[in-house]
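There are 6 protein chains.
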Amino acid sequence: MSAAPGGHRLAEMTTVEAEHAVTASPLVLVPAGAFEQHGPGLPLATDLVRAESVVQRVADRLRGRAVIGPSLPVGVSPHHLAFAGTISLSTTVFRALVREYLDGLYRHGWRKVLVITGHGGNNAALTTIAQDLLADLPDLEFAWTPLTPLAGDIVAGMATSEVHGHSGEAETAQMLHLAPELVRDDRLAPGTTELSELDGLARLARRPGHPVTQVRYDRLSAGGVLGDPCTARPEDGAAIVAAIVDRVTDYAEEWLKV
Amino acid sequence: MSAAPGGHRLAEMTTVEAEHAVTASPLVLVPAGAFEQHGPGLPLATDLVRAESVVQRVADRLRGRAVIGPSLPVGVSPHHLAFAGTISLSTTVFRALVREYLDGLYRHGWRKVLVITGHGGNNAALTTIAQDLLADLPDLEFAWTPLTPLAGDIVAGMATSEVHGHSGEAETAQMLHLAPELVRDDRLAPGTTELSELDGLARLARRPGHPVTQVRYDRLSAGGVLGDPCTARPEDGAAIVAAIVDRVTDYAEEWLKV
Amino acid sequence: MSAAPGGHRLAEMTTVEAEHAVTASPLVLVPAGAFEQHGPGLPLATDLVRAESVVQRVADRLRGRAVIGPSLPVGVSPHHLAFAGTISLSTTVFRALVREYLDGLYRHGWRKVLVITGHGGNNAALTTIAQDLLADLPDLEFAWTPLTPLAGDIVAGMATSEVHGHSGEAETAQMLHLAPELVRDDRLAPGTTELSELDGLARLARRPGHPVTQVRYDRLSAGGVLGDPCTARPEDGAAIVAAIVDRVTDYAEEWLKV
Amino acid sequence: MSAAPGGHRLAEMTTVEAEHAVTASPLVLVPAGAFEQHGPGLPLATDLVRAESVVQRVADRLRGRAVIGPSLPVGVSPHHLAFAGTISLSTTVFRALVREYLDGLYRHGWRKVLVITGHGGNNAALTTIAQDLLADLPDLEFAWTPLTPLAGDIVAGMATSEVHGHSGEAETAQMLHLAPELVRDDRLAPGTTELSELDGLARLARRPGHPVTQVRYDRLSAGGVLGDPCTARPEDGAAIVAAIVDRVTDYAEEWLKV
Amino acid sequence: MSAAPGGHRLAEMTTVEAEHAVTASPLVLVPAGAFEQHGPGLPLATDLVRAESVVQRVADRLRGRAVIGPSLPVGVSPHHLAFAGTISLSTTVFRALVREYLDGLYRHGWRKVLVITGHGGNNAALTTIAQDLLADLPDLEFAWTPLTPLAGDIVAGMATSEVHGHSGEAETAQMLHLAPELVRDDRLAPGTTELSELDGLARLARRPGHPVTQVRYDRLSAGGVLGDPCTARPEDGAAIVAAIVDRVTDYAEEWLKV
Amino acid sequence: MSAAPGGHRLAEMTTVEAEHAVTASPLVLVPAGAFEQHGPGLPLATDLVRAESVVQRVADRLRGRAVIGPSLPVGVSPHHLAFAGTISLSTTVFRALVREYLDGLYRHGWRKVLVITGHGGNNAALTTIAQDLLADLPDLEFAWTPLTPLAGDIVAGMATSEVHGHSGEAETAQMLHLAPELVRDDRLAPGTTELSELDGLARLARRPGHPVTQVRYDRLSAGGVLGDPCTARPEDGAAIVAAIVDRVTDYAEEWLKV
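Chains as they are written, first to last, in this note's numbering: chain G, 1 to 258; chain D, 1 to 258; chain C, 1 to 258; chain Z, 1 to 258; chain R, 1 to 258; chain B, 1 to 258.
So that you can see chain G by itself, here it is in the shape it has in the complex:
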């Protein structure tokens, strides 16, 4: 558990403070990450680092109306299992785990929970949790959000390769801004950057829109990287993070008024 300057962490509160927080801080922010390969330059915890950083900034902006719940350091990453170090939860266990976090928060009286996930592989499981909650705990308001898609306009304005994404320009830029000490600059190297490098099924898997299929990352890129992280700049990362924090904070503000 990091000793973060910002506070608002339930983990660092006593039960006395937690009891107060149930009413004073009706929103709980839960950071979700992954424990998966991010190429030769970024750490396995990249998604958690980004999620926790955003969560801390949002909590700071909300000035006590939100608390930070326990993190989810491991996510759903079967597509990265061919790369050393990746640990993946099945969607069944990930869902059961999140659900028990929610049950605990609910028991103490919280009714608004926002999971902020740095890892897109968690999105579908989070949606299925939301669906089951509609039947099981209908008065719990549950929301979730990914990170980078919130800053799509910023990313669109950056110079990126034809194929880009996982461990590419935008993600590396965020890490250069948020945790440069964890980036191995000397090892950053372009991954798959053009569709022509992909085989037929992999190309189908990268096609935007529907139908959708998925392939494992070792089929997409020998090094596990999509795009060229060498071109990433920390100032782009700062802009992405700022946009994400703004938008999540706006959403939370509106939600807290409901």
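Think of the hints as simulated: they come from the structure by calculation, not from any bench. The beta carbon of each residue, even a glycine, is placed where N, CA and C say it ideally should be. One or more hints might be untrue.
To be verified - Partial list, derived from the structure: chain G residues whose beta carbon lies under 8 Å from chain D: (1) His79; (2) Thr91; (3) Leu114; (4) Ala124; (5) Ala143; (6) Pro146; (7) Gly200; (8) Leu204; (9) His210; (10) Pro211; (11) Thr213; (12) Arg216; (13) Val248; (14) Tyr251; (15) Val258.
Fit chains D, C, Z, R and B to the given chain G structure using the hints.
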């Protein structure tokens, strides 16, 4: 089981024909629906009717290179449970069910399966299935697609109310084209058509982009309808269906070459 | 979903009609089939075709006091897995699926549900569902019935081979009556017709009474057929179906008075 | 664990003897009971007592070609839960339990297992186990049998009331023969003996043949008894048990030759 | 089920007596064993024999204030699976099974249950049951105890080898006292008696205190025995059993006053 | 994720470094905590803070022969659920979660994993995991250890109240040494310090040895504290931590030689 003119239905084949189909028809199309309220004018099976209709058309277009697998007549519909007749599977059971369909098809030798779902509530569960397959059955190529989002451009060209969607203009149009005998024209009535009719949380739930939250349909609309189905026209439905069929067929054609 | 002439299908009703049906039609009939080999002459969906046909006829006879719920197109068929096209649910998933159908119907107010299964492989799982319901939902009245055993007297009066059953004289006769367009007459051929064709364990498995054991169908018959379907006559099928419909209707009538 | 005179009990063997038994005694007999009310005169363990007694006799008759496996003292008894002392397993747990017994026996090399159940409530769960084994462990030969139905002819020859069965004439007679010290003769009293005592649904539940429904025993009989146990005679019990033992032994003999 | 002289067995009671016992005998004692190798000299059921014997003695001492519930004849024994005859439940199934026993007892009104396990492999699973009960059934008082650890002082006073434990001096002594007819004296032989016989990992596994690791018994001892059972004396067994019975009875007495 | 000075964290490595670590660092240390009340003076994450601190020190001492795996920030804490902020996993979900961590590490080649848990409530679930692994992944060497019990001699030398334990002298001392900034000194207050303050059942639950029962902490102490944390001294905490680190390191050294 309907006695469809088109053929290609595994259900109607004998085991002798099925054995032949494993190699001759390497793609299996699985129609997925829902058993849920569609307002006072459309039947509970609306999503299955649309999915089966599209599947039949796609199979016809593929001329023997695809077979139609068993349908999924009930889907994930917890948001509609307040309305009589809705039957919903938990995401856990829906996933287990689809997975056993896939295991059966895999056992006989099929390696390409496309689930075509008329119901968006199935999307997330289908994605979690795809994720778990990457770890468990990596040589099974699995894809899925919704229907109406494939024809977003057509729908954008139609006259729709500010709020529209479930049982609204586009869905009703499809049914007027595909199964007019199942539409109760006399009962069609506008549902929620403007954001101003929604309370705060419901408005958040309808906001495009992220974060996402979900609310039950009885909170969105007293009658379970979003948009004004009275304005739906069968010719728009025909255009939507044609676009969907074209795009799924194109995808399948490309996939079959892989 | 077939566009059946008879009506009474919940799937084809709107939620408004479904709400009315909860009180007007207190009995729900659920057709259960299988997706399994039926030899070279009958389709994989044979059991569902027969179940849906009987259900429709019973519903017609009950004139509005029963509705037809969603079908179960795939059943418990592990004994047929060696034959191409067979898809089987584990007994665990089949039970969970039926249970969620029942939970949905119960939630809306129905208290009488009758599952009519064209496939004997579903019988035991249906019984375990009934047992668990006694503890979990004691005020739900749940019943189930197979088809052909209801017409045992009719079958006994037919000319059958020493060994007969699956895809044999009685089942083929029903299909010749109900869905002749799905029968490949040209491929009908005798399967195992005499006990002397069976090995020791298979013979034990066919012994009536107890103890009971089960063997896979590829051990019972190279073609997956027990009996001689070539001798099947549609008029026998008509008699069998008529007897089944009579007896199920009588049962339902009596039940509706309780 | 009873110190039975007959031997053949795996429980009483050492691992050295068990290793020998895998080849010398290729059949394993597993007694299954219930822990459920049997009226004011018979003990909760009635079904286990009868099953273990039969198993011992069959093992004695098979002279070393079968061993007796661990008992299942609790079964599936939701219909008796209203009566004090009844403990019931859900069908899910009962099946998982039996399956792990089978997995253990299989691991050591046994390929023939016969479950002998004194309780009919276990029948369906045993069948579902058999079905799942066809897919999962196809070379395990698994059979099961109830007790009293094996002696239907003997029971038919006894004087019984119109309604009879659980804790009635035949079951009490068996206990008077097998374990008279556990029968409270002074408390034996007629239970429900005529159909006219039953309400409509209970009558449906007692109707032979299909459809089948189930009701809880407190609806069938205030005292939990069907029939008149006062008329039970130990000599009838002896005849029933002898017939059961004969028939199971015959079956086992034939099976051992396969 | 053994016909024990002591009485107090719920299994041997009728439902009428069980109903009385709920208030007269508020404590239920559940004997838990294992079905596992105990070397060449002791039977597979050794742990159940000891547990049932202790339970009977404790029940006798409590004179009607406790009843004996159904036994658990098979436990958690994965470490013994390499030895013929061992049947092991996964911790998941063992827990589900015990939990359904407890649910049944709870339903009838019992609020104090003590599981007495002759097998240490069940300890952890019993603890997890206790933990989950604190959340799920907080007014059920649940306790469990092993056997031999209760008599640690007696065992410490016996002559034992450096390595001793499973099927060794203390366990064999108990069996010589409780069930000498089940001990094969002629086959008793020393197992592993010195740490120097163990490889490095096995030695770590035998180290007292923490950290703890586990190895399979075939790695600890070729014959499955730790210690020298040849030196076991029935009088030591009697002392061990007496100490256990005293201590469990004292605990129960105190508990019954709460 | 804290930016720890010590290194050795898998989370901070790239996949390239992780691949190297599989052989260079064959031992994985997994910190396990709890998210539970620790009285008015200690934070909810107390157990994780202590576990991560010890893990870091042990990893430092092992100089590259061990890596630190992903943390388990939430544990099994049903006994603390009455206190605000406590989040507890059921033993089923905790086990499934740890198991998937282990499966991931195993897949990449690690064969030695040590879970170091700051929370005793995780002990039993960790043991059941170890048991199931003996059957499922027998070549994975898995060990676990609690913290404070490793320093029993140090704690015995401290001045403690008659009742002490959770959030008491020893635990507070560790936190004063490891993370004084997270301790609210001004709120530290004695909890339950004498057995006479406990009711009968709670006293039974605190009795050392067997049988064991558990009660919820709100029954043990109104403030959730056992002992008097006001007397805790950081130098005692330093001694406890040093002893723990020494002993775990010694164990690991020996294990790495196996």
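Now for the hints, and whether the structure bears them out:
no.	hint	in the structure
1	His79	holds (5 Å)
2	Thr91	holds (4 Å)
3	Leu114	holds (6 Å)
4	Ala124	holds (4 Å)
5	Ala143	holds (4 Å)
6	Pro146	holds (6 Å)
7	Gly200	holds (4 Å)
8	Leu204	holds (6 Å)
9	His210	holds (4 Å)
10	Pro211	holds (4 Å)
11	Thr213	holds (4 Å)
12	Arg216	holds (6 Å)
13	Val248	holds (7 Å)
14	Tyr251	holds (5 Å)
15	Val258	holds (4 Å)
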